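Trainee: Turn these sequences into a full structure, and let the hints guide you.
What follows is each chain in one-letter form.
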Amino acid sequence: MAKSSTVTKPRDILGNSALRPDGAHKVQGSFEFTSDMHAENMLWGATLRSPHPYANIISIDTSAALALSGVHCVITADDVPGKPTYGLISSDQPVFAKNVVRYMGEPVAAVAADHPETCRRALALIKVVYEVLTPLTNPEDAIAGSFDPIHPDGNIIRHQRILRGDQSISAEVVVEGEYIIGMQDQAFLGLEAALAIPDSDGQGLHLHVATQWLHEDLTQISACLNLPAEKIRLTLGGVGGAFGAREDISLQVHCCLLALKAGRPIKMQYSREESFFGHVHRHPATIFMRHHADTNGKIVKIDARFVFDGGAYTSTSPAVLINGITHTQGPYKCVNATVDGYAVRTNNPPCGAMRGFGVVQACFAHESQMDKIAAAVGKSPVDIRLINAMVTGDPLITGQIMESVAPVSRCITETNAIPLPAPLGETVNELSLPGGSGLTASRSNIVRGIGWGVSMKNLMYSEGFDDYATARCTLKDGIASLKFATSEVGQGFVTLAPQIARSVLGVDEVILEPIDTHIGSAGSTSASRQTWMSGGAVDGACRLVRERLFHHVGKQHSIDPLRLIIDGTDVVDQVGSFRISVAEASDGIEISETFEHHHRATEELDENGQGNCHTAFAFVAHRAVVDVDPELGLVKVVQIATAQDVGRVLNPLSAIGQLEGGIAQGLGLAVMEEIVMKDGKVRNPSFTDYLLPTALDAPDVVAVMIEEYEPQAPLGAKGIGEPPCISVTPAIVAAIRNAIGKDIERIPVRPQDICL
Amino acid sequence: MSANEFYSLQVNGKNMPVQDSWIGESLLYVLRERLGLPGTKGACEQGECGSCTVLMDGDAVCACLVMAATAVNSEITTVEGITSESALTDVQQSFVEEGAVQCGFCTPGLIVAVHHLLEKNPSPSELEVKEAISGNICRCTGYGRVFAAVEATIRSRNEVK
Amino acid sequence: MTVIVAKELATALAALREHEDARVIQGGTDLMVEINFNHVKPTTIISLRDIASLRTIRQEVRGLLSIGSGVPYSIIEGEPVLSAIPALAQAARTVGSPQIRAAGSLGGNLGTCSPAGDTLPVMFALDAMIHLSTVDSTRVVSIHDFMTGVKRSIRQHDEIITSVDFPIVKGWQGYSKVGVRNAMVISVASACLVADHEHADVRIALGSVGPTIIRCRESEAWLKANQDLSAGAFISPQLAEEFGKRAAAESSPIDDHRSTAQYRRHAISVLASRLLRKAYP
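Chains as they are written, first to last, in this note's numbering: chain W, 1 to 756; chain A, 1 to 161; chain D, 1 to 281.
FYI, nobody ran anything at the bench for these hints, they're computed from the structure.
Keep in mind that this is a model prediction, so the values were computed, not measured.
Yeah, the Cβ is synthetic: ideal placement off N, Cα and C, and Gly gets one too.
Treat the hints with caution; some may be incorrect.
Said to hold, decoys possible - Taking beta-carbon pairs under 10 Å as the criterion, some of the chain W residues facing chain D (in silico):
id	residue
1	Glu117
2	Leu433
3	Ala441
4	Arg443
5	Leu632
6	Val635
7	Asn684
8	Leu692
Stated by the list, open to error - Straight line, CA to CA, 27 Å or less: simulated BS3-like cross-link-like pairs of lysine-lysine:
id	chain 1	residue 1	chain 2	residue 2
9	A	Lys14	A	Lys120
10	W	Lys231	W	Lys261
11	A	Lys161	A	Lys120
12	D	Lys41	D	Lys151
13	D	Lys151	W	Lys681
14	W	Lys231	W	Lys298
15	W	Lys333	W	Lys372
16	W	Lys98	W	Lys261
17	W	Lys678	D	Lys224
18	D	Lys245	W	Lys742
19	W	Lys83	W	Lys261
20	W	Lys127	W	Lys9
21	W	Lys127	D	Lys7
22	W	Lys681	D	Lys7
23	D	Lys224	D	Lys151
24	D	Lys245	D	Lys224
25	A	Lys14	D	Lys278
26	A	Lys161	W	Lys9
27	W	Lys98	W	Lys476
28	W	Lys83	W	Lys127
29	W	Lys476	W	Lys555
Mentor: Structure (structure tokens):
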């Protein structure tokens, strides 16, 4: 065969940087996000929310709103035909507040009208008379029991302790601190949106929605609507980011109720301000930690107390609490621990899932502590972490044995090997200094600091949850099609799934079927789990199809199917010369298989916090270099070096995108992102005052992927979504401390925390 | 609002009548909901995210801050107007190839902003690129791949020369 | 609700006189936020966007630059303003994002009159004069008289701000603004300092630290009394620090969700001190 001079593009199989199948549409503006959807005869829906953090509802009068021209219906708690509440773990959150509102922004009523402006006017015409109550805003009041229950389920959402080893032991070096973590918002760009289309018989509906978990939404919606699940179909609309904020119900039930009541399609779409009230946030937390270490800096015992403010409703607070306290030790050996943890109910906004899920808070505390130990024993931040680094086989403070590949030392040493950025030159553009475009500093005002953060993060669900994902693969005429309910929120599963099919089946063309509830659950796009879980399901389905293809080929060509393998795009006899293209081999037949991937079972913690509660873990190290203007307290993060334990890189381009994106979110929490609360009221529900990192805040990221194949993972790959945003935050704060020589125990670090 | 207001906008080289509008509508709303051009995205309603970046008489502006009815004498270009039917532009191609697209919600605004930047300044420094897109918030990528896409575009334009 | 897109100033002024409820819109960067957030529901809008005469920069009188109220910040960032009034160009460059700067203008900053308006401290430090017109009159008002409080000015309903006169001063001048992000941020505290070599004095005005922009006249007087301020003078670090403290003492900041009064006052002392040392390197 003549050699071709053209360069052949590598096939988009696992390990290569396959490009997003939706990329072209996204850059052209033709990708359809949920907020872009329309339906014939559509109305707009909007929500009326409580202006008070805590108040009794004396009366609701919707008559004036109903009388407004263009308004089709107004609904309140009285119009919920089924279960009046919903919730991921505990069904304690009302669809609409009935007699009492428990947080500022709690939904009270919803309207459907012909134009968003009509909706706004109608909302203004709904008269709600409130009796304003003093809100419970201090979590310690909830723990102390000094405040009457603000909810029938009480003010403590969950209390859990961990007792491990010798409770009375101490050591030569004792360091402690109380660490405060502010409330972060996921701030995805694509605001909450849904389009509900009622069936013509009025007995069911089709909901297009931007969500992280279609099936869980379906379960909760169906209960609230009092409709059987089969009467409701959910299809994933285009999702503009999620980061945990789309795991809970927001507008789903409201939108469906309006559609059924109006008998017309309803589109709902939050504004940015409403979005701040419409979804859960990252838990603010106060964490006390005391580390006992020997004179060498080796951890002997950890005492800790965690308080997570869950806000008014449960959401995922119980799981966030467990994640937090079980990560007290971080990626370090520790055999003795006394940990007490609370997730409490207050009249602050409900908090729940956000990338990092409880571990972000724990990591800020334990990494701050590691630096204190290092200082106390005269060791470098790198050495103190290497001395204590966990390895596979180590017991955790829950008694669980670390079975995952645990290249903690390698993460640290490989990060340490990344060259530091060049020192600040004598002539430097002031735009690149702390203060940026404000031109507040000259070169001579700036000092540089270096800091470290290392983290451990559990992957997937914990505590006995039967976590699984479903996928179907169909092979026909050399083309594979994949069906799953996995939410694509931007992370790139739609890129990965075809890569898996190409690798397993030797096909090139892979069709992705609509992502909806016409197949079993995929679980949530959260907890760094979809590559492992849905990836495992796609892989499993493709393998079953491959097996049947081999049988088919074997039968047709009288070859033992066990001898057949896929080589490139061919089916090949590995001990003979037989070779046939997959396209030819599957010509005229259709093979379809569905596979459910379950991860190994986990168990609940006992009363002393002991038990194999987690599935698997991933590790990462971050080294931050920051420039600080100590007098003004302004910070510029110059470089983040990182080495992340990824198991195996399945798509280098997607992987680096996850790392850089997570780092930016961790940077945000370190120096600027906070929902500012006062007396239960959100003070900054806008992008003017809730600040997200801009291009001028972005550091250089130098990343190393540590590939140590994870045998437990279906593809050898660990989830990589959450780790990037966890230890980067303490690394940045440590770098600030290093630059200014002052302790800081609160994030985000505010200018006044540095200079006053 | 049902005052049968009527005006026309010049969008992507076409005269587009706007009917039955409420006159306070932003250009963002009118483009998306009345003119069938949903490529321009809204994410903050106050000019703090850049998702709705469009060109107005050659300037990159936030469509959410333009009252549509005041734009009757302006030439407006949206991401749809930048897009050709036959192929991706070099900026669009680089965004896809360099991984600058994740959820994609900020992407149309960034595409418009980067096209605008490179038209005004074909060889911007790294800092100039950062300043030029500092009004476009991206929550997914951390900007690293976006910078790579801009660099790749500049590189490919220089090679063509 | 009606929108009047005026092409001539006279048209806009006549419409404004006629419609008592009308709001004028230039770049829209303030008013549209209010409308999008449902805070105002104007019934008549008069757009100044297409009035070419408001978009000119003129130097008719020697030593005076007159900038039309509709000239966008993206133009003010560059020449001729950059050389003539560098502090104003700097302030313009810190406004919002590039997209905001392509739309926003001095007329908007003055019309809104927020203490956080970035160009206002420059106007206060330079004693800028504001030109206002009605359909049948014009007047010129000092910026010091123009701004009367938080989002309050002496502009009458039927008046349109047409231009701002800035004296071209010989000597260093600069604008610094503290925000908690390196770009696209509302000022937590800001300062404009102008060294006037001709008159051997220094002027400083502060933003976001009081109900109006604050011109630190006592600090200015103290500085002039204690320091040679002609070109090439040497400013000691100690004196600069003292000047900063005095300027901070003239500020009257508050606590809010963006920052604290204590930090703002501190930031002013740092900014004022640094600006002074930059003015006399």
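Trainee: Taking the numbered hints from earlier one at a time, note which ones the structure violates and give those numbers from smallest to largest.
Mentor: Per hint list: 4, 14, 17, 20, 21, 22, 23, 25, 27 violated.
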